[in-house]
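Protein sequences, first through last, are from chains A and B.
Each residue of the first sequence is one higher than the one before, counting from 1 in the numbering used here.
Each residue of the second sequence is one higher than the one before, counting from 1001 in the numbering used here.
Treat the hints as calculated values from the structure; they're not laboratory data.
Using N, Cα and C, we set each Cβ at its ideal position, and we do this for glycine too.
Do not take every clue at face value.
Said to hold, decoys possible - Calculated Cβ distances over 12 Å to all of chain A for the following chain B residues: (1) 1016; (2) 1034; (3) 1057; (4) 1088; (5) 1170; (6) 1189.
Claimed, not checked - What the simulated footprint calls covered on chain B by chain A, stretch by stretch (three residues with Cβ under 8 Å from a Cβ of chain A suffice, anywhere in the stretch; the number is not a length): (7) 1042–1050; (8) 1134–1148; (9) 1175–1184.
Listed here are the chains, written in short residue letters.
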Amino acid sequence: MRIPRLPLRRAIHDLAGAYALDALDGAELARFERHLATCRTCPDEVRGFTATAAALGLAAAATPPPSLKGRVLADVAVLAGARAVDAEIAALLTEPDARVASAATAAGGSATVVASSRAAAVVFTSVGLPELPPASVYELWFIGTGGARPAGLVPAASGAGAATPPLRAPGLEPGDAVGVTVEPAGGSAAPTTTPIVVLALR
Amino acid sequence: MEPIRPDPGAAEPDDADLNVLLTRVGRGDQAAFEAVYDRVAPPVYGLIRRVLRDAAQSEEVSQETLLEVWRTAARFDPARGSAVTWVMTIAHRRAVDRVRSETAAAQRENRVAAEAVPAAPDEVAETVEASLEAERVRRCLDGLTDLQRESITLAYYSGYSYPQVASALGVALGTIKTRIRDGLKRLRDCLGVAW
Chain A
1 MRIPRLPLRR
11 AIHDLAGAYA
21 LDALDGAELA
31 RFERHLATCR
41 TCPDEVRGFT
51 ATAAALGLAA
61 AATPPPSLKG
71 RVLADVAVLA
81 GARAVDAEIA
91 ALLTEPDARV
101 ASAATAAGGS
111 ATVVASSRAA
121 AVVFTSVGLP
131 ELPPASVYEL
141 WFIGTGGARP
151 AGLVPAASGA
161 GAATPPLRAP
171 GLEPGDAVGV
181 TVEPAGGSAA
191 PTTTPIVVLA
201 LR
Chain B
1001 MEPIRPDPGA
1011 AEPDDADLNV
1021 LLTRVGRGDQ
1031 AAFEAVYDRV
1041 APPVYGLIRR
1051 VLRDAAQSEE
1061 VSQETLLEVW
1071 RTAARFDPAR
1081 GSAVTWVMTI
1091 AHRRAVDRVR
1101 SETAAAQREN
1111 RVAAEAVPAA
1121 PDEVAETVEA
1131 SLEAERVRRC
1141 LDGLTDLQRE
1151 SITLAYYSGY
1161 SYPQVASALG
1171 VALGTIKTRI
1181 RDGLKRLRDC
1191 LGVAW
């Protein structure tokens, strides 16, 4: 007698809905993705469900804060410029595992980091950070379980409200967050002030 | 009321344009990106805000989503789905990632398990904009059974994992799985989703 396989298959097919709604985690997500790679009918079903979910998303449309557009376009301009000018930065931005994290800073403006574990490095840029007196700089840090490690000095923006040129910082370790502090000119070996922003890299 | 920009719900008819624009973004075209921004920022922000509630976090995650669109547009393949679906998938994934990491952080802080489950959702109709698309979606959601509708809205609009949905509704895991799938099939057919 053959062992009936139908109930198990049916059970895994049923996950297609939860998968399309991002409602699967961990081992079950991995199990469904393995199944998806070999299943003949699932990709079409998942595609239809994903488009259905997107329709639910469109129905929630709301007007974003007007300031969002300026920040996004400024970041894009920096990343686009960087892509054209600096091969090392361009390589990091196109790493398949590169992740973007962005947050408002306590000092004003916003900070953005693109991080790649494969490249073990980040690219940092910011828009609208307050200008500092000549005796001070913004310093970037990798923040891990062992504390903060210097990741470089943030280049000055060309004017008030402008974007800072991209800074590529090598030395990223697994689990690191990225933070920025204000330090005396030349930078410090360890942070001497409270970070104005800490970006978790998920 | 004077509309500042076109009704976000009305973005649908020019899906094909958006596909073309996104393909241009993939080649590094910043002007095309700005056009894509104008089209997708309202649904991206609205969905993320719906899932996260918090305005400041919603702005951050929207910014991350839109930068990811810029960065990965070259991977968009029109043969596998529309541009708007591709963008909304990134937005939802990122909003849910944020909800899950917040939940994990709350658990680390030893809060009681009940508190770690995200806040209860409001009714869809309360926050959905009065657009044609929203009205269509609301009508189709009304056509589902209560359990199908509640399962789908908790998972999609509140970012619950399906075990969280099961425990919030007091229903067996297996039941939730099938209700989500059956509900999505009905919703797909009702909306006439092309994929």
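Hints and how they fare:
1. 1016: Answer for residue 1016 of chain B: holds, closest chain A Cβ roughly 15 Å.
2. 1034: The claim breaks: residue 1034 of chain B does not keep its Cβ more than 12 Å from every Cβ of chain A (closest is about 6 Å).
3. 1057: 9 Å, violated
4. 1088: At about 4 Å from chain A, residue 1088 of chain B fails to clear the 12 Å cut-off, so the statement is violated.
5. 1170: With a cut-off of 12 Å, residue 1170 of chain B remains clear of chain A, as the shortest Cβ separation is near 17 Å.
6. 1189: Answer for residue 1189 of chain B: violated, closest chain A Cβ roughly 9 Å.
7. 1042–1050: holds (count 8)
8. 1134–1148: Result for this restraint: holds, n = 4.
9. 1175–1184: Answer holds; 8 residues pass the 8 Å Cβ test.
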